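The listed protein sequences derive, respectively, from chains H and V. Under this note's numbering, think of the first position of the first sequence as 2, with each following residue one higher. Under this note's numbering, think of the first position of the second sequence as 84, with each following residue one higher.
Bear in mind the hints are in silico, worked out from the structure with no lab data behind them. Where hints are given, some of them may not hold.
Claimed, not checked - Computed list of chain V residues with no C-beta within reach of chain H, every gap over 10 Å:
| id | residue |
| --- | --- |
| 1 | Asp100 |
| 2 | Asp105 |
| 3 | His106 |
| 4 | Arg109 |
| 5 | Pro117 |
| 6 | Glu131 |
| 7 | Asp137 |
| 8 | Glu146 |
| 9 | Lys157 |
| 10 | Glu160 |
| 11 | Ala164 |
| 12 | Cys167 |
| 13 | Asn169 |
| 14 | Asp187 |
To be verified - Derived contacts from chain H toward chain V, CB cut-off under 10 Å, selection only:
| id | residue |
| --- | --- |
| 15 | Gly27 |
| 16 | Ser30 |
| 17 | Arg40 |
| 18 | Met47 |
Values in this document were obtained by computation on a predicted structure and should not be read as measured data. In this text, a Cβ means the ideal position worked out from N, Cα and C, and glycines have one as well.
Okay, here's what each chain looks like letter by letter:
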Amino acid sequence: MTATVGKKKRDYSLVGESTRKAIETGLASAEWYHTDVSRKEMKQLMQRSDGPAMRDTIIWFAAIIGSAAGGIYFWGSWWCVPFFFVYGVLYGSSSDSRWHEGGHGTAFRTRWMNDVIYQIASFMLMRNPTTWRWSHARHHTDTIIVGRDAEIAVMRPPDLIRLVLNFVGIIDVWYSLIALGRNALGIVSPDEKSYIPETEQHKVVTAGRIHIAIYIATLAAAFYLRSWLPLMLIGLPRMYGCWHMVMTGLLQHIGLADNVTDHRLNTRTVYMNPVSRFIYWNMNYHVEHHMFPMVPYHALPKLHEMIKHDLPVANPSIWHAYREVWPVILRQLRNEDDFLKRELPPTAKPYREEFHAVNMANAAE
Amino acid sequence: MSEWVEACSEGDVETEDVIRFDHGGRTFAIYRSPDDEFFATDGFCTHEKMHLADGLVMDDIIECPKHNGRFNYKTGEAKGAPVCINLKTYPVKVEAGKVMIQLD
Ligand code: FES
Chain H
2 MTATVGKKKR DYSLVGESTR KAIETGLASA EWYHTDVSRK EMKQLMQRSD GPAMRDTIIW
62 FAAIIGSAAG GIYFWGSWWC VPFFFVYGVL YGSSSDSRWH EGGHGTAFRT RWMNDVIYQI
122 ASFMLMRNPT TWRWSHARHH TDTIIVGRDA EIAVMRPPDL IRLVLNFVGI IDVWYSLIAL
182 GRNALGIVSP DEKSYIPETE QHKVVTAGRI HIAIYIATLA AAFYLRSWLP LMLIGLPRMY
242 GCWHMVMTGL LQHIGLADNV TDHRLNTRTV YMNPVSRFIY WNMNYHVEHH MFPMVPYHAL
302 PKLHEMIKHD LPVANPSIWH AYREVWPVIL RQLRNEDDFL KRELPPTAKP YREEFHAVNM
362 ANAAE
Chain V
84 MSEWVEACSE GDVETEDVIR FDHGGRTFAI YRSPDDEFFA TDGFCTHEKM HLADGLVMDD
144 IIECPKHNGR FNYKTGEAKG APVCINLKTY PVKVEAGKVM IQLD
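Same shape as in the complex, but just chain H (with noise of 0.2 Å):
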């Protein structure tokens, strides 16, 4: 293993060295491997339907309502707590799989419910709904590619503490709440310039305004109450409701390897148990929706079955998915190029090895 302690040698902004050498190799805007699915079976996968999206939608409605209706109900005695806890998961983390599913216009069958839903998820969330739009479609074509995938969530090496304040927000709320004042401004900064189009920039500083313009009404709201009550339901459990959506979204690329173009080595499938898969709808099924992001969150299972004989093995459990990545962690703090190798059966196809050879010398097995 070759320590090279201190020295970074990824530049993760998208303007500069990596973003110049990824595609100077081809490594953006590349042709990433899919697993072979019949047309027929993929047209009956990527169909669309509005059910299964309004039920959970409904649920989601009521739980956050009544969550709230109770929280608001017991505040200032301790039976608020528990309704506080389920809220704030609602509010901070269930949002991200509904922001993800929603701009991927799959959730609902009709456009504009999937158009509703990302906004308010965008919102819940502290995201710019056009920045992240934009961001994302950018996350599809250049997954974990350095200099261009722009939502990378733990770079090399990682900052620890960053990792573990962000199970309460910290970081990055301050970050979100510091880009959305800056958009509210009328500035859109280079990075986001490289990936939104210059047509529509103008939304950006629009939605940073509207998403402005709502907090400052409830801190308006919190002074005039002298209450945190406001705060409690608006804004806040972006923070104290945010642990799942980090438990669960960090093990969708974390500690795999980089700068390939194949989702099965970069990309991490993990079982779950119903209720993690409800606030994430399925996003666990992750290789499957890095490879045929057109199917719909309640379609991954099916999917996953019809294709895992050509993925690696999934990871059981959050827990175990945890204990593999940990040791990985640990490692590139010292060797920032060491990755965990996503071990692929021997009935599946390999793909554009000359891109994974580069690093496998630090790969562990």
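Start from chain H and add chain V with the ligand according to the hints.
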């Protein structure tokens, strides 16, 4: 100069579906609408180089398989982010069971 080119047979495209047609170094998408009319557009999405024929046809919309960008395949209109540039469409006629598209 424009020319009519045979793209496929009627039966090659299922109702509410799309197939890919390559000709003269270019690629096209041939659609069959839910009411069995045929349409043709450029084969690649205008966002990135992705074959629309791998996408999903819903009513008069083709959804791109990469980032779910949507176009009206009858008019070529891009329906919003991440697709902002309209798709080029081509005249289509069906003669003796053959789907013909007019290329420029
Ligand atoms: S490539 Fe078609 S929407 Fe991005």
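Okay, the hints, checked on the actual structure:
Non-interface call for V:Asp100 relative to chain H: violated, since the shortest CB-CB distance, roughly 7 Å, does not exceed 10 Å. Interface exclusion of V:Asp105 from chain H stands, the closest Cβ pair being 16 Å apart, more than 10 Å. For V:His106, the shortest C-beta to C-beta distance to chain H comes to about 20 Å, beyond the 10 Å cut-off, and the non-interface label holds. No Cβ of chain H comes within 10 Å of the Cβ of V:Arg109; the nearest lies about 19 Å off, and the non-interface call holds.
Separation of V:Pro117 from chain H is adequate, the least Cβ-Cβ distance of about 14 Å exceeding the 10 Å criterion. Distance to chain H contradicts V:Glu131 as a non-interface residue, since its nearest Cβ pair spans about 6 Å, not more than 10 Å. Taking the minimum C-beta to C-beta distance to chain H, about 8 Å, the non-interface status of V:Asp137 is violated against the 10 Å cut. For V:Glu146, the requirement that its beta carbon stay farther than 10 Å from each beta carbon of chain H is not met, with the minimum near 7 Å.
Under the 10 Å C-beta cut-off, the non-interface status given to V:Lys157 relative to chain H holds; the minimum distance is some 16 Å. The claim that V:Glu160 lies off the interface holds: its Cβ sits roughly 13 Å from the closest Cβ of chain H, which is beyond the 10 Å cut-off. The beta carbon of V:Ala164 sits about 5 Å from the closest Cβ of chain H, which is not more than 10 Å, so the claim that it is off the interface is violated. A beta-carbon of chain H is positioned within 10 Å of the beta-carbon of V:Cys167; the least distance is around 6 Å.
With a least CB separation of 13 Å from chain H, V:Asn169 remains clear of the 10 Å interface cut-off, as annotated. With 10 Å as the threshold on Cβ separation, the claim that V:Asp187 sits away from chain H holds: the shortest Cβ distance comes to roughly 26 Å. About 13 Å separates the beta-carbon of H:Gly27 from the nearest beta-carbon of chain V, more than 10 Å, and the hint is not met. Hint on H:Ser30 holds. Least Cβ distance to chain V is approximately 6 Å, under the 10 Å limit.
The restraint placing H:Arg40 at the interface with chain V holds, with a minimum CB-CB distance near 8 Å, inside the 10 Å limit. Residue-level restraint check for H:Met47 holds (minimum Cβ-Cβ distance to chain V is 5 Å; threshold 10 Å).
The structure is inconsistent with the numbered hints 1, 6, 7, 8, 11, 12 and 15, although it conforms to all the rest.
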